[in-house]
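A.B. asks: Listed below, chain by chain, are the residues.
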Amino acid sequence: GQQLNQSPQSMFIQEGEDVSMNCTSSSIFNTWLWYKQDPGEGPVLLIALYKAGELTSNGRLTAQFGITRKDSFLNISASIPSDVGIYFCAGHLVGNQFYFGTGTSLTVIP
Amino acid sequence: EAQVTQNPRYLITVTGKKLTVTCSQNMNHEYMSWYRQDPGLGLRQIYYSMNVEVTDKGDVPEGYKVSRKEKRNFPLILESPSPNQTSLYFCASRSLERGYTFGSGTRLTVV
Numbered sequence: 007g008q009q010l011n012q013s014p015q016s017m018f019i020q021e022g023e024d025v026s027m028n029c030t031s032s033s034i035f036n037t038w039l040w041y042k043q044d045p046g047e048g049p050v051l052l053i054a055l056y057k058a059g060e061l062t063s064n065g066r067l068t069a070q071f072g073i074t075r076k077d078s079f080l081n082i083s084a085s086i087p088s089d090v091g092i093y094f095c096a097g098h099l100v101g102n103q104f105y106f107g108t109g110t111s112l113t114v115i116p
Numbered sequence: 011e012a013q014v015t016q017n018p019r020y021l022i023t024v025t026g027k028k029l030t031v032t033c034s035q036n037m038n039h040e041y042m043s044w045y046r047q048d049p050g051l052g053l054r055q056i057y058y059s060m061n062v063e064v065t066d067k068g069d070v071p072e073g074y075k076v077s078r079k080e081k082r083n084f085p086l087i088l089e090s091p092s093p094n095q096t097s098l099y100f101c102a103s104r105s106l107e108r109g110y111t112f113g114s115g116t117r118l119t120v121v
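Chain order of the listed sequences is A and B. The opening residue of the first sequence carries number 7 in the working numbering; numbering runs sequentially from there. The opening residue of the second sequence carries number 11 in the working numbering; numbering runs sequentially from there.
Quick caveat, the hints were computed from the structure, so don't treat them as lab data. One should not assume that every hint holds.
[Claimed, not checked] Derived contacts from chain A toward chain B, CB cut-off under 10 Å, selection only:
#1 39
#2 43
#3 46
#4 49
No residue lacks a Cβ here, since even glycine has one placed at the ideal position from N, Cα and C.
Taking the hints into account, I'd like the entire structure generated from these sequences.
C.D. replies: Dropping the structure here:
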């Protein structure tokens with residue numbers, strides 16, 4: 007199955023720093039979703055985006071649906087230790103097809 | 011609370027001994043799916059089900075079986091587990107609007 011290109015693969019940052027990650031695809035998507043997976047747990051939905059250009063926030067998290075509909079971005083401001091985990095993007099193509107990114111592993115150093 | 015419940019959370023078994031991982035959802039979702047997660051490989055789909063009695067192979071179905079006799083339940087069956095099936099498994103149900111809701115995972119070790 008198709009995987010989305012997600013980058014970076016991993017990040018090590020100091021507490022308080024801002025974080026940016028993105029997902030790209032060669033296909034046009036109808037929906038972009040961002041998930042966070044805490045160590046030892048299942049991924050949990052953070053933000054859902056439904057329209058090109060849409061910018062949505064959830065606390066310190068902000069995600070954008072790219073204008074071309076082929077990419078999406080997630081930003082975390084003022085990171086804290088509990089932000090540690092793996093962040094996945096997922097895109098919905100037409101019909102029933104969803105695709106996942108390969109994940110960005112985030113480590114926050116206190 | 012909307013959730014997907016899978017059991018057990020941890021399982022150690024021996025090669026060849028049949029096992030079943032249960033999965034149940036309370037959101038009345040038609041679509042359910044099983045994934046395995048391995049380091050560096052992300053989430054890979056094993057099987058999915060579009061509705062009751064409708065199942066289909068995902069990307070890595072070899073060595074696995076599923077059944078969907080009721081809407082809420084979607085068990086994963088390993089008839090003869092092998093060490094290469096040692097992995098972290100997730101069950102999920104899905105709506106088109108909100109995407110996937112995942113279970114908490116089952117960490118399986120086959121020795």
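A.B. asks: Please verify that hint: residue 39 of chain A, Cβ, nearest Cβ of chain B, below 10 Å or not.
C.D. replies: holds (4 Å)
A.B. asks: Close enough to count: is the Cβ of residue 49 of chain A nearer than 10 Å to one in chain B?
C.D. replies: holds (5 Å)
A.B. asks: Under 10 Å, Cβ to Cβ, is where residue 46 of chain A needs to be relative to chain B, so tell me if that hint holds or is violated.
C.D. replies: holds (7 Å)
A.B. asks: Given a cut of 10 Å on the nearest C-beta pair, is the interface hint for residue 43 of chain A held or broken against chain B?
C.D. replies: This hint holds: residue 43 of chain A lies near chain B, its Cβ roughly 8 Å from the closest one there, short of 10 Å.
Comparing the model with each numbered hint stated earlier shows that all of them hold.
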